[in-house]
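Student: Start from the sequences and build out the full structure, keeping to the hints where you can.
Residue 236 in my numbering is what sits at position 250 of the sequence shown, and the numbering runs on without skipping anything.
Hints in this document: simulated from the structure, not taken from any laboratory.
For glycine and all other residues, C-beta sits at the position ideal for the given N, C-alpha and C.
Heads up, some of the hints might be wrong.
In silico DSSO-like pairs for lysine-lysine, Cα to Cα no more than 30 Å straight-line [as the list claims (entries may be wrong)]:
{"hint": "1", "residue 1": "K61", "residue 2": "K126"}
{"hint": "2", "residue 1": "K132", "residue 2": "K186"}
{"hint": "3", "residue 1": "K163", "residue 2": "K181"}
{"hint": "4", "residue 1": "K132", "residue 2": "K113"}
{"hint": "5", "residue 1": "K185", "residue 2": "K163"}
{"hint": "6", "residue 1": "K126", "residue 2": "K113"}
{"hint": "7", "residue 1": "K178", "residue 2": "K163"}
Each pair of labels, with its calculated beta carbon distance range [claimed, not checked]:
{"hint": "8", "residue 1": "R36", "residue 2": "V192", "range": "40 to 50 Å"}
{"hint": "9", "residue 1": "V192", "residue 2": "E447", "range": "52 to 62 Å"}
{"hint": "10", "residue 1": "D437", "residue 2": "A139", "range": "39 to 49 Å"}
{"hint": "11", "residue 1": "L157", "residue 2": "E447", "range": "55 to 65 Å"}
{"hint": "12", "residue 1": "Q235", "residue 2": "P207", "range": "51 to 61 Å"}
{"hint": "13", "residue 1": "A35", "residue 2": "T373", "range": "57 to 67 Å"}
{"hint": "14", "residue 1": "N238", "residue 2": "T114", "range": "40 to 50 Å"}
{"hint": "15", "residue 1": "T114", "residue 2": "R180", "range": "34 to 44 Å"}
{"hint": "16", "residue 1": "L37", "residue 2": "Q63", "range": "18 to 28 Å"}
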Amino acid sequence: MRPDAAFDAQDARDAAFNPLVALQSLLAADVASAKQRVRAAQQLQSYFARLSPTPGLLLSYEPYLPLLTEILGTKGQELQAAVLAVLLALAGHNPAGFSDWMARNTQLGSEPWLVQWSYALLLQTEKTVPRRGDADEWDKASTQFKEFDRAFARVLHMWRTLLDHTADVALVDQLVKYLQALLVQQEEGADKWRKMMLKKLQTHFVDIADVLIGWMMSTGPHSPLREEILPLLHHFGRLWADNSVFSLQLLNSFADEIVNLCDSWNDQEADGDRTSTLLTCFMMVAQCVPDLALPAEESADSSFVRVLHRVASCPKPEYSLFCLANCSEYMLKCTTVRLENTRPVQAAAVRILEGEIPARIVRKGGQPKRLKILECLFHARCGNGATHITQLCLHLLRLGGISALKTLGTRAFQRLNGRHGGKGNNYFVFAASCFVLASRDSEILMFTSDDDVTHAVGILELITAKLEKQSHRNRQHRLTPRQVCLVLKMASTFVGAVSRFLCDRDGVAEIVKGVSLRLLECAIHMLPSETVVIRDHRLAVEMLKIGSLLKREGSRGLRQSLENAQFSG
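Tutor: Here it is in structure tokens:
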């Protein structure tokens, strides 16, 4: 059959098709079977999709829209999907008009379907907008874009109204997911969607953010809704800065309540979940508006520093895993933008590294299990988990400085060949690797006080003691070549970074020299005493690094000690 003949045949069928007859079959639940109704819906959808744009269809079919949306609430997924396709094809002829109708006719029970319909309508309408040039930019002068723009504004207004008045968790979850999907498009051209969303959300932002924060505070500690709301609030981005009065009020309100909860902390009556959620919300807003949370003027009140001071001294807060997984990341983002390594920040970073998950949260075999926060996150299996936990650990070390590095090293050695076996050894490899990476970061190894010098000497003592124990420990508890290699790498990297700062300091030069000599002797005598080690050339490399570093950086007496140790070896 010729193509033009096929089109003629289709036109003839369309001319013979009566949409009102098909509509009656679709609505006749008592007469037509489910299969017949689905078939009628498919015919209507096909008819409306082929029809040239006809805005007047809204007036013609408006009386039937309540009946069609009512079908969406009945049983039968195939029929629901078919009717939704009819509504979508019909609304495509007048997106702004149908969006207005949806906003005016939200009824109890129909909201989820109207939200789904409106979301699909936005995606469909955007595809009709002409592009300008090769940049895939919308032609904002086109009629189609103006129609899309009006529909977008009306749909967001409807969604905000629904959020204001609904008490249905499922509906809130649906709206949050759709808002997030529009804000974080993964396809090409996602940036223009985000700009459009932020522009349209501007007038609704305060109401939406206020409602969503209320839902976060009111849902239970294990509600998945929190996991949906928090990234959405974070992705609002510049809207927090554009609405600075609201953001500042929130920060101060959160800070006041956090401080009050910590001041009146009671182990029996304390609400750990509320404290955790408040802290997470505070940190999320703070990292969106660091200029408000951390004003540049020293005389200005900093809600961020106030919260850190109080949280760091709170006796026994039991922060939720939700808080630990998100709050630390937000805090780090904020501080890397605005905050110097002040005492409160260093203390907070060390506290996170030292903190333990409450026994009531982490259990194994029915018995409480003590786990450090970082270790718990390390063992949690999730997508890109290793990458995220490594970034978090390095950020904490950057904030906490040498004291945080000592805390990490201490915990790493505690877990090495401990009673937890493989898991502890795996954590040691992770922590040791982070230690090595951090030792190469000049921002972390900054000596700003005498305490930093003390911590640095303590780290050298810690590593040296671990190596010295290998000469008199039972064979079954000795380190493997890989573990020894990591300990030596920790030593060589750290010594190379700090020895030039320590050896010239009054009062510590002799201590450093003594510790360094012990460390050097351990490294040198390890090779001839361990036949299993000789076969691993990496250990020789790490040992030689320590020798060369100490010889280069040490004093004349230390060089002489090195030469004596070499001859005796």
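Student: Using the C-beta atoms of T114 and R180, is the stated range 34 to 44 Å upheld?
Tutor: Distance hint for T114, R180 is violated at roughly 20 Å.
Student: Given the hint that K61 pairs with K126, does the C-alpha gap stay at or below 30 Å?
Tutor: Cα-Cα ~42 Å, so violated.
Student: Does K132 pair with K113 here, judged by a C-alpha cut-off of 30 Å?
Tutor: holds (13 Å)
Student: Quickly compare the C-alpha distance for K163 and K181 to 30 Å and report which way the hint goes.
Tutor: The hint holds at about 18 Å.
Student: State, for the Cβ atoms of D437 and A139, whether the hinted interval 39 to 49 Å holds or is violated.
Tutor: The hint (39 to 49 Å, Cβ to Cβ) is violated, given that D437 and A139 are roughly 57 Å apart.
Student: Within 30 Å, alpha carbon to alpha carbon, are K126 and K113?
Tutor: Holds. K126 to K113 sits at ~13 Å (cutoff 30 Å).
Student: Regarding A35 and T373, is the given constraint of 57 to 67 Å on their beta-carbon distance met?
Tutor: Taking Cβ atoms as reference, A35 and T373 lie about 45 Å apart, which means the hint is violated.
Student: Range first: 51 to 61 Å. Now tell me if the beta carbons of Q235 and P207 are that far apart.
Tutor: Since the Cβ atoms of Q235 and P207 sit about 26 Å apart, the hinted range of 51 to 61 Å is violated.
Student: Within 30 Å, alpha carbon to alpha carbon, are K178 and K163?
Tutor: Judged against 30 Å, a Cα distance of about 19 Å means the pair holds.
Student: Evaluate the given range 52 to 62 Å for the C-beta pair formed by V192 and E447.
Tutor: holds (55 Å)
Student: Given the range 40 to 50 Å, decide if the beta-carbon distance of R36 to V192 lies inside it.
Tutor: Holds - the Cβ-Cβ distance for R36 and V192, about 44 Å, lies within 40 to 50 Å.
Student: Assuming the hint says 40 to 50 Å, is it satisfied by the Cβ distance from N238 to T114 or not?
Tutor: Check passed, 46 Å falls within 40 to 50 Å.
Checked against the numbered hints given earlier, this structure breaks hints 1, 10, 12, 13, 15; the rest are met.
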